[in-house]
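Undergrad: Going line by line, the protein sequences match chains C and H.
Sequential numbering of the first sequence, starting at 1, is according to the numbering used here.
Sequential numbering of the second sequence, starting at 1, is according to the numbering used here.
These aren't lab readings, by the way, just hints derived from the structure by calculation.
Remember, it's a predicted structure, so these values are computed and weren't measured experimentally.
All C-beta atoms, glycine included, are put in the ideal place defined by N, C-alpha and C.
One or more hints might be untrue.
Claimed, not checked - One-sided and incomplete, this derived list gives chain C residues near chain H with beta-carbon spacing under 10 Å:
#1 ILE198
#2 THR205
#3 VAL244
#4 GLY287
#5 GLY289
#6 LEU293
#7 PRO461
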Amino acid sequence: MITEFLSTLFSAHLPVLPVLLPLFTAVVLLLMGDGASAADSRQQVRPTKQRLLSMASVVLGAVFAWRLMTDADAGALTVYPLGGWQAPFGIVLVVDRLSAMMLALTWTIAVPVLWYATAHWDGRGRHFHALFHFQLMGLSGAFITGDLFNLFVFFEILLIASYVLLVHGHGAERFKAGVHYVVLNLAASALFLIGLAIIYGLTGTLNMADLALRVAKLDAEEAVLLKIGAMVLLVVFGLKAAIVPLYMWLPGAYAVASAPVAALFAIMTKVGVYSIIRVHVGIFGEGAGHAALVVEPWLLPVALVTSVMGVLGALAAHSLARLAAYLTVASVGLVLASVGLFTTAALSAALYYMVHSTLVVAALFLLVELIASQRGDAKDKLLPAIPVAQPITLGLMTLLAAASVAGLPPLPGFLGKLMILQSASSSSAHIWVWSVVLGAGFLTLIGLARAGSMVFWNVLPAPPSPTAASSPDSPSFNTRTMAATLGLLALGLMLAVGASPMKRYTDAAAAQLADTSAYADAVLGPLGGAAAETTRPYRGGEGEVILPNAGSGSGDKP
Amino acid sequence: MMSLEFLVASGIGFVSATGIYLILRGRTWPVVLGLSLLGYAVNVFIFAMGRLWQDAAPILSAGGRVADPLPQALVLTAIVIGFATTGFVIEMALRSRHETGTDHVDGQEAGKTPETRDRA
């Protein structure tokens, strides 16, 4: 009886759990404190209980996310009206295949990254675990919300958590990058609100499904303003995703962030990509009337240039962390180039490549710190230094990650790039896409080969006693960090084994995204578009809302 | 006579321009002020996107003309978030001043090499 009740309750409220679970975990973690008094914030602390709670919560969240993805895989488009208010009047959470995939990806990365952080990073500052969970809450919410303003709110949640996580561990370098990052993102938030306000002022709604129906009905004159709103949003999402010319902040910020934070941030750029897909493919897609495909002339060229700039930056990088950060930029460029082709096949390829690149880049950030911890004072700089203690293990891991990023068969990076190339072959821009994808892959290979040979082969003679800086018991290097990094890398490489089901899933996700009418039916329900007209009280001056003088009863309501 | 719309629009434009100018300054304090000003301009802009009404009820009541209540709700959310982030960015700027020894946004005075006091 009680189990039955609980299981109905669970399945009814499952969509909101990935948001609520990290929220409550973070609040409990804040109440528990982190074992450090305010005075000695730089002292190492070992918050054992907090670690256990934090890990348990992340694993549970991963289970929820995977459960949602299995449900979505079966074709369910779950709509969760918050507070029981139906769309478009209330805020809804919508879990479709794309959302569920991003959710599962976020939580899957979070588990090994948090495990890695429990080795020592969580004790190097205050409230790491609570902030980590707030960040997860913002990410989960951004991926499943069906309302544009709510997307802004979750953006702010994940950004505020990320501001603090970025400077976790302190240090002048981190604060320098942190100030840039905060100011840029606050300016972008202001732009986000401007874009939202323009779109609301024209359509009278912020619900994504409702918007997709409304933008098609605007006349040509109103559509001009609407296009401006859409382009403003592209700038905002482009800053998060780090596309040209808005990527300059990323290499500096990600390179100075502590390794687990940088690995978690690998998913944060994908929030920008996800929002571009949601808004510019889902709302301003082919069916958007006068504003249809408003970003099409911009997105593909900008994304291709991003990819080239990212690879050139990786070639010129003077440290391993910057190299990994520039590879993030390059991979975002490739994903967005594929999105910018605006076909279902290309979108599916983009999703596959995005999942792979997020996992591998996150693993790369962790790997960089493992290597850096064994190179004495040279850390992750690309200079000759003492050899690492485990050249074979670390070397093989670097080789696998590098080969997958560069796109060598039979690794998943190769499959992803192949899918992008295939889907671009029918496009008029296929020469550009092909040359950039192949050229970027080649240059990535050169950059990583240079870095790898510098780190592993161009070494100074080993110190006489191996107990010095290169000993494996330096704080960053132990079995746990090694296992966490290996796990993350293995997850990324497993995409090659699971390529077929994964591709089927992304195909279905892209098809579902293209089917806007089914999305609108599911979200708006039987009310549909017709009854929703009432949410729009004015239209370009023709008429204002004058409520009928209702009967005696309704007027007294508070 | 100047219309209300023109007045509000030029006011938003002027405040935004001031905010953008201040954001582009080199010290953290003007940048914080600029972000706040930009936030104010954006808030009024959101509010104005519900159209400027006169003699309309702000919330649904007995009947008659009503203004759009949603932008008012949105602007409240935006104000709260803006308030929190302003508080945070001030603290961030102070902490950065403490860590780097300068209030320049780049963490170093223009034309000088950075002080590498603490390389954690």
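Undergrad: Does each hint fit the structure? Answer for all of them.
TA: Structure-based check of all given hints:
no., hint, result
1, ILE198, "holds (7 Å)"
2, THR205, "holds (9 Å)"
3, VAL244, "violated (20 Å)"
4, GLY287, "violated (24 Å)"
5, GLY289, "violated (21 Å)"
6, LEU293, "violated (25 Å)"
7, PRO461, "violated (26 Å)"
Of the numbered hints listed earlier, those contradicted by the structure are 3, 4, 5, 6, 7.
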